[in-house]
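Asker: Letter by letter, the chains look like this.
Number of protein chains: 6
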Amino acid sequence: MSEQWLNSLITENAQLGYELAIKMSRMGIKYTQPSGEVREKLRPTYGENADSLIASSQVIAINFQTVSAANNYWRD
Amino acid sequence: MSEQWLNSLITENAQLGYELAIKMSRMGIKYTQPSGEVREKLRPTYGENADSLIASSQVIAINFQTVSAANNYWRD
Amino acid sequence: MSEQWLNSLITENAQLGYELAIKMSRMGIKYTQPSGEVREKLRPTYGENADSLIASSQVIAINFQTVSAANNYWRD
Amino acid sequence: MSEQWLNSLITENAQLGYELAIKMSRMGIKYTQPSGEVREKLRPTYGENADSLIASSQVIAINFQTVSAANNYWRD
Amino acid sequence: MSEQWLNSLITENAQLGYELAIKMSRMGIKYTQPSGEVREKLRPTYGENADSLIASSQVIAINFQTVSAANNYWRD
Amino acid sequence: MSEQWLNSLITENAQLGYELAIKMSRMGIKYTQPSGEVREKLRPTYGENADSLIASSQVIAINFQTVSAANNYWRD
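Protein chains in written order, with our numbering: chain R, 1 to 76; chain D, 1 to 76; chain X, 1 to 76; chain B, 1 to 76; chain W, 1 to 76; chain V, 1 to 76.
Rather than coming from a laboratory, the hints here were simulated on the basis of the structure.
Check the hints yourself; a few may be wrong.
Keeping only pairs whose Cα atoms sit at most 20 Å apart, straight-line, the calculated DMTMM-like set for lysine to aspartate or glutamate is [claimed, not checked]: (1) D/41 / R/51; (2) W/23 / V/19; (3) B/23 / B/3.
Given the sequences, and given the hints that come with them, work out the whole structure.
Answerer: See below:
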């Protein structure tokens, strides 16, 4: 995958950091399943399954730990 | 999602930090499944399933690690 | 939930910290399923399921990481 | 549970730290299911289930992160 | 497995770090199941299963935490 | 288990650190299921199950976080 999608972990504020964490979580899926068609087909399955949604939120939470540390928690 | 919901990771005390972690956990689900109607429909499923509840508590715990570190554990 | 249950992450020793981590893990469930009646009904299900018990121990472990760091690992 | 089982996170070496992490993982289960009889009954179930064993190893890994940090990784 | 595949955790930028995290996640599978034939056979199974894809993204997220810390979050 | 298997978390390089993380992950299973015969019997089950392999890689990732931090990420 040669496209450039992650230039930096630094974001202007916490919410943009959270949204970057979401993007990172989705890219982890995209690298594993590159076919957009297949991923699209799976969307209703996990989007209407509570456990899949909780698991998705967990991946975001883990990535957000990384982004938050990178940004020194936007403390300043 | 353009609405502003995460202005800062800093909270006045540990419990408010825990409650922010809950909000973050829910937002991870909301970003993945934006339809409030669908999410509402799923609530009884996971709310009465022990494993889903344990998994929810785990996502909160991960987000609370982030919030706690951001607040230097409310040590002062 | 307006009741005050988390005043501080600081505990006198490691075991009290572990027990606080247990409380935090349970509160994560309670915030997600506020009905005590429902939670009580679920208890036998997860209490006699090995995987649920392992998952519970994992949530405690994650919360204990937070409490331990807050207490500087009770090193002094 | 008033019995004292966790006096300190400090251990003499890495292996004793790993074994403390195992103890912590088991105590997480014990606090959730206090009945030794029930826990004993569950042992064959998870002991012969690959996924349960992997999950157990994961809880130990998380607790070992805590113990390792507490001991400054036994670097000295 | 004597082949050398992990020379350093240091990468030039965040995206290369993320891609190293993917490699590490795959190697964890490869060490556990060394047969390329078996792994190839499993690919369609997990590649078209939403929960497996989310779980894969989670492993990448955990490895990326390590790589990011090693690189001091590519802050400079 | 009195045998000595974990003398130190320090390794010469990142790959040896990763391999130590694998060993730690396996030992977590071994402590939980000491019978080599049972563990051997389970190997085909998880070795040909994609989700078990992903879960195994996750445990390795968590242990590798610990080993990496112990080695200061082999930065020097």
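Asker: Verify the proposed pairing of residue 41 of chain D with residue 51 of chain R, using a straight-line Cα cut of 20 Å.
Answerer: holds, 13 Å
Asker: If you draw a straight line from the CA of residue 23 of chain W to the CA of residue 19 of chain V, is it 20 Å or shorter?
Answerer: holds, 14 Å
Asker: With the threshold set at 20 Å, check whether the alpha-carbon distance from residue 23 of chain B to residue 3 of chain B stays at or below it.
Answerer: holds, 14 Å
When held up to the earlier numbered hints, the structure conflicts with none and fits them all.
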